[in-house]
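Asks: Residue strings, one per chain:
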Amino acid sequence: MSSSDEHAHSARHPHLAEHFETIQQQDYAARLGMWLFLGTEVLLFAGLFLGYTVYRHFYHATWHACSQALSLSLGATNTVILISSSLTVALAYWAVKVGKRNLALGLLAFTILCAIAFLCIKYVEYSHKFHVGELPGKWFRAEELMQYPAANMYFTIYFLTTGLHAFHVIVGMSVLIWVMKGIIKGRYTPDYFVPVELGALYWHLVDLVWIFLFPLLYLI
Amino acid sequence: MAEATTTDSAHANDAHQHSTKSYFVVWIILLACTVLTVLTGRTDLSHLFPSANIVLALTIAVIKASLVVWYFMHMREAAGTNRIVFVTSFVFLLVMIFGVFGDLWTRSPMTLPYHTPTTEGPEIMVPEGGHHAPAHHE
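Just so you know, the protein sequences line up as chains A and B, in that order.
So in the working numbering, spot 190 of the first sequence is number 190, and the numbers just go up one at a time.
So in the working numbering, spot 13 of the second sequence is number 13, and the numbers just go up one at a time.
Bear in mind the hints are in silico, worked out from the structure with no lab data behind them.
Owing to the predicted nature of the structure, the values given are computational and were not obtained by experimental measurement.
Hints should not be assumed to be uniformly reliable.
Where chain A lies over chain B, by a calculated footprint (3+ residues, C-beta under 8 Å) [unchecked claim]:
{"hint": "1", "stretch": "25–36"}
{"hint": "2", "stretch": "79–91"}
Stretches of chain A that chain B covers, calculated by requiring three or more beta carbons in the stretch to come under 8 Å of a beta carbon on chain B [unchecked claim]:
{"hint": "3", "stretch": "26–34"}
{"hint": "4", "stretch": "49–59"}
{"hint": "5", "stretch": "71–83"}
If you only want the chain A side, here are some residues facing chain B, beta carbon under 8 Å, derived [as the list claims (entries may be wrong)]:
{"hint": "6", "residue": "S86"}
{"hint": "7", "residue": "A166"}
{"hint": "8", "residue": "H168"}
{"hint": "9", "residue": "I211"}
{"hint": "10", "residue": "L219"}
Positions of the beta carbon are idealized from the N, C-alpha and C atoms, including for glycine.
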């Protein structure tokens, strides 16, 4: 009995935590936990999308005019950047799974560069808005949009949604840096890659939110 | 030990050795959808049917999001529980938005925050130095 216990113990996966029976059970729990968290993230943004919907319903002309005031080219560039970074992070996950360590690191580094490029473009957009006074609440002072009622509410929602999204970009970047560190240390291999998978999932969520924010804020 | 090794390698193998081709195909479709939504986004399509713009833009966004979730996020290989968990959050998002729409669509005009007073209805009291509505200075 004791020898079989010892046997089972020696066969334990090096990354299997004490409280799990098997690595499959641990992976299952980790994935379920991540999807639950992503579900709460969807609902976090849902509140802001609801605010957008209500104000858009009340101030339709204002919403139309203000969305035209945003830079379509910068918004579209950021969309392409995020979609491409979603591709590279998916490829990086694949590369870890098949053991192409250096390729995975390169792809993750590219993804992080995309995140930085996204934030730089966001900074250009924000600084322009600060300059012309397209700001939330009492700070709103954009002359050409003054005639539209509640134009400041558009920019309240603009800054809340894109600000929360930009925060997610920063968090996602940090997660990917942490994943890279794990790969460099040799922690994630074809035998154990669930943390890479979960980090990639988080980055895809960042892309997912932007896929809805971009048309709603910039286009219509 | 032997048993553990087989399950481990089985685990690594069921890790879907599909090629990376599908990722690139999805990426191309996502870029094409982005081009389509940018081209149609700021053109007025309301002659087709009212609010054609938002319907088209949201349809494209839903297609893009589904592709990301299904292929990039590997929902197609995810366990049933995980699918239910994630999809449920979208169900509740829709419940919340359409629940509120029940209010918005059935409001009497007088309860709208930005309402142009008409001769038929009672006047709306606008506080002194209150909000600037175009109806009052046109």
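Asks: Indicate, hint by hint, whether the structure satisfies it.
Replies: Outcome of the hint check:
1. 25–36: holds (count 5)
2. 79–91: holds (count 8)
3. 26–34: Answer holds; 4 residues pass the 8 Å Cβ test.
4. 49–59: holds (count 7)
5. 71–83: Coverage by chain B holds for the stretch 71–83 of chain A (5 residues, Cβ < 8 Å).
6. S86: At 5 Å from the nearest chain B Cβ, A:S86 passes the 8 Å test, so the hint holds.
7. A166: Hint on A:A166: violated, closest Cβ of chain B at ~19 Å, above 8 Å.
8. H168: Interface hint status for A:H168: violated (15 Å vs cutoff 8 Å).
9. I211: OK, holds: A:I211 within 8 Å of chain B, min 5 Å.
10. L219: Interface hint status for A:L219: holds (3 Å vs cutoff 8 Å).
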